[in-house]
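These are the residues of each chain, in order.
Number of protein chains: 2
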Amino acid sequence: MLRDAVFAGALAEIAEFGVRGASMDRIAKRAGTGKAALYRRWPNVRALALDVFISTMEAALPPSLPDTGSLRDDMVESLTTFTTQLHSGLGIVLRELISEAAHDPSLSEEFQTRFGLPKQVELIGALQRAMARGEIPTQPIDPYVMQLPAALVVHQLVLTGTVPGHAEVEHFVDALVLPLLRQPAAVIA
Amino acid sequence: MLRDAVFAGALAEIAEFGVRGASMDRIAKRAGTGKAALYRRWPNVRALALDVFISTMEAALPPSLPDTGSLRDDMVESLTTFTTQLHSGLGIVLRELISEAAHDPSLSEEFQTRFGLPKQVELIGALQRAMARGEIPTQPIDPYVMQLPAALVVHQLVLTGTVPGHAEVEHFVDALVLPLLRQPAAVIA
DNA sequence: AAATCAAGGAACGTCTACGTTCCCTATTTA
DNA sequence: TAAATAGGGAACGTAGACGTTCCTTGATTT
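Same order as they appear, the protein sequences are chains A and B. In terms of numbering that gives the first Met the number 0, the first sequence opens at residue 0 and continues consecutively. In terms of numbering that gives the first Met the number 0, the second sequence opens at residue 0 and continues consecutively.
Worth flagging that the hints you see were computed from the coordinates, not collected in a lab. Any given hint might turn out to be false.
Taking beta-carbon pairs under 10 Å as the criterion, some of the chain A residues facing chain B (in silico) [stated by the list, open to error]:
id: 1; residue: F16
id: 2; residue: L93
id: 3; residue: L96
id: 4; residue: P104
id: 5; residue: T159
id: 6; residue: L175
For clarity, every value in this text was computed on a predicted model and none was experimentally measured. Beta carbons are placed, not taken as given, at the ideal position from N, Cα and C, and that holds for glycine.
Model the full structure from these sequences, guided by the hints.
Written as structure tokens, this is what we have:
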């Protein structure tokens with residue numbers, strides 16, 4: 000499929016030059032095709048880059064929610080799929096998206112709608128199941144506690160360019176999130 | 000000073016077009032000068048952008064560490080200066096830096112050396128004073144607990160483009176960091 | 001098997017931005 | 001006060017990328 004070749008070429012181009020520095024000519028060369036083929040599908044280079052972003056993120060969306068019967072394992076598994084995706088191309092896309100969103104706020108909204116909210120819904124479900132099982136006290140959850148592991152992962156990615164390993168992910172859950180969820184004071188201020 | 004005018008113009012240019020999309024011609028126009036004046040000081044547009052980054056960050060470095068006598072207030076104050084700087088131009092710079100660093104790892108290192116480490120040293124000092132005062136138990140500190148508030152601030156910035164307000168900063172410290180520091184289990188895994 | 005049609009690939013003109021060079025002006029020094 | 005020097009601003013050539021058009025090739029249908 001030529002579309003796949005174009006996406007792969009565009010991803011490589013973006014990885015090397017960024018979204019603003021990407022060139023249709025080079026992307027066509029990378030994909031082993033001509034520019035006209037690209038312009039027949041996308042009106043300009045920005046639209047192509049955006050399509051690459053969205054498609055990459057769509058493909059990275061986990062098809063089903065984990066339900067291991069343990070809140071701890073649910074969270075570890077969910078985070079692990081996230082970090083795994085960051086390793087395979089999504090990391091560079093995410094970092095490019097951050098600067099693009101700084102100039103185009105609608106990107107933030109779309110990203111939030113497609114990824115932030117689904118992830119949050121998924122996590123809330125896991126928390127409710129844990130409450131029903133009596134794993135954590137039944138009380139309102141601090142939304143910042145829920146964001147905490149993802150925030151640490153993203154923070155490490157943007158600061159050092161590396162992605163936390165499995166041991167660190169487990170540490171986030173066991174040493175930070177679960178203690179906060181178990182203590183009665185971790186409610187909305 | 001022309002240098003200041005150029006920096007202001009370059010910052011506006013970067014805010015609008017990003018580092019990769021910045022143009023020397025437009026920056027010169029914004030600064031009310033000619034291109035030759037810019038090329039006499041910087042070899043190319045990338046070097047200028049990098050200089051703007053570094054200078055903005057340098058200017059954003061707090062000259063002195065807070066020592067209020069209370070760990071809680073030390074942390075709140077330190078975080079507040081950080082969020083305040085993010086509001087005034089540093090936010091857009093930081094987000095541009097993230098994507099630039101994705102293509103040039105040496106940027107990550109330089110950023111870490113100039114900002115991450117000093118901030119960490121500052122925080123360690125505050126924690127040691129708090130231990131000496133008996134505010135928190137004297138035990139090894141989980142480094143991720145220290146990163147936690149900055150991670151939440153950065154995470155919110157890159158996701159929504161907004162910066163946490165004072166109430167949220169206080170919430171991070173009071174509801175997340177301090178409880179984790181007080182419990183004996185919050186040591187390095 | 002032949003003809004039609006759709007799609008890929010190369011060549012073209014235009015425009016923008018780069019980096020340089022030249023000229024002018026203002027300031028400083030003798 | 002006059003000359004010299006340094007620095008700011010405009011004009012210039014060049015290169016690369018955009019977006020378009022045309023030609024060729026391969027697949028599909030009758």
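Now for the hints, and whether the structure bears them out:
1. F16: OK, holds: A:F16 within 10 Å of chain B, min 7 Å.
2. L93: holds (9 Å)
3. L96: holds (8 Å)
4. P104: Hint on A:P104: holds, closest Cβ of chain B at ~6 Å, below 10 Å.
5. T159: Holds, about 6 Å.
6. L175: holds (6 Å)
Violated hints for the displayed structure: none, as all numbered hints are satisfied.
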